[in-house]
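Asks: Next come the chains, spelled out residue by residue.
Number of protein chains: 2
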Amino acid sequence: MNFNMKEAIEVLERTPQSLEYFLSGLSNSWLQSNEGEGTWNVSEVIEHLIDGEKNNWMPRLEMIMKEGEKKPFPPFDRFSHLNNRHDGSIENKLLEFKAIRSQNITKLQRMIEPDLHLELTGSHPAFGKVHLRELLSTWVVHDLTHIAQISRVMAERYRADVGPWQEYLGILKNDVNRKEERLIYT
Amino acid sequence: MNFNMKEAIEVLERTPQSLEYFLSGLSNSWLQSNEGEGTWNVSEVIEHLIDGEKNNWMPRLEMIMKEGEKKPFPPFDRFSHLNNRHDGSIENKLLEFKAIRSQNITKLQRMIEPDLHLELTGSHPAFGKVHLRELLSTWVVHDLTHIAQISRVMAERYRADVGPWQEYLGILKNDVNRKEERLIYT
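So the protein lines, in turn, are chains S and X. Numbered per the working numbering, the first sequence spans residues 7 to 192. Numbered per the working numbering, the second sequence spans residues 7 to 192.
Honestly, the hints are just simulated from the structure, not real lab data. Some hints could be false.
Chain copies aren't distinguished; within one or between two, either way the pair holds.
[Claimed, not checked] Here are the simulated SDA-like cross-link-like pairs (lysine to any residue), alpha carbons at most 20 Å apart as the crow flies: (1) 179 - 131; (2) 76 - 170; (3) 12 - 134; (4) 60 - 50; (5) 179 - 8; (6) 72 - 138; (7) 135 - 173; (8) 104 - 30; (9) 12 - 101; (10) 77 - 50; (11) 12 - 38; (12) 60 - 85.
Next comes chain S alone, as it looks inside the complex (with noise of 0.2 Å):
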């Protein structure tokens, strides 16, 4: 096992603030593209982020301290954000994001102590029994997951334009995860 909080908050805490410089001010053409029927564009992913950081990760933990194995998790609908229109520019998103995600690990850091919480349990709807430590690590890698989606996204765009290239380059081979990603529940 690696998770440690300290490093956990790390990727935490610099993802809304990357995004917001790999995305700010890029063209619509980037930004509204995506790799075909029902798949995310640039601009989903950043909403889909926002409702985590609502209402996912913390009420998840928020349960598991009050709860325990009591109750299930509600589930987290990962499409809401497709139903619930987010208007607003890139820039506003990306600025939504970085606050609630900073409010966040504020809240994370006054309600956890890790030597005495993190093998706390909760109760999945689909795993069942599941662990603090569990939640956090998967909300640092949920963060790489959707990272990677965007770069992939945004790839696909040049997949004719590359030419001869396109044999060499990973991430346009990729199609098993990009028909996955849609599939991700957390």
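Chain S is fixed; fit chain X onto it per the hints.
Replies: Positioned in the frame of chain S, the structure of chain X alone reads:
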């Protein structure tokens, strides 16, 4: 075809700064871990990006402009950064990447007139005839490939830590890509 010079530069100029925000100050455990024997850690990926700035993209671009298809590109040794050990902190490497990328973008903008030059051709040692437009598109996708790789390498550290969530996290399933990444030859 989606290639557009202005949009390509948008990505090229954002990559170093975004990586700087993501990686500066990270614990060594994130920077030094890899995906197993023969795979690169995060720090080595940045060294490879620096090597590309020095020895791959601009030299090939200049060769297309000066020589056309008369001489094939000299091969780019994608492992050279492993032989010429780069010492120094990740912060120094990121600064070097940022500086040399910025110089290269300035050169690129002075050198290339999209209406005149994008269809110029050169000779790739393996593919034969390639267009300048394809080389530039590949430069962009190459950035995106390595951003995705960095995310995946970091996610790998928590493979066991996420517990039952592993099956929902696409990034941890991506075995094909992990093995192929080493074979990317640009």
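Asks: If you test the structure against every hint from before, which numbers come out violated?
Replies: Of the numbered hints given earlier, those the structure breaks are 1, 3, 9, 10, listed in rising order.
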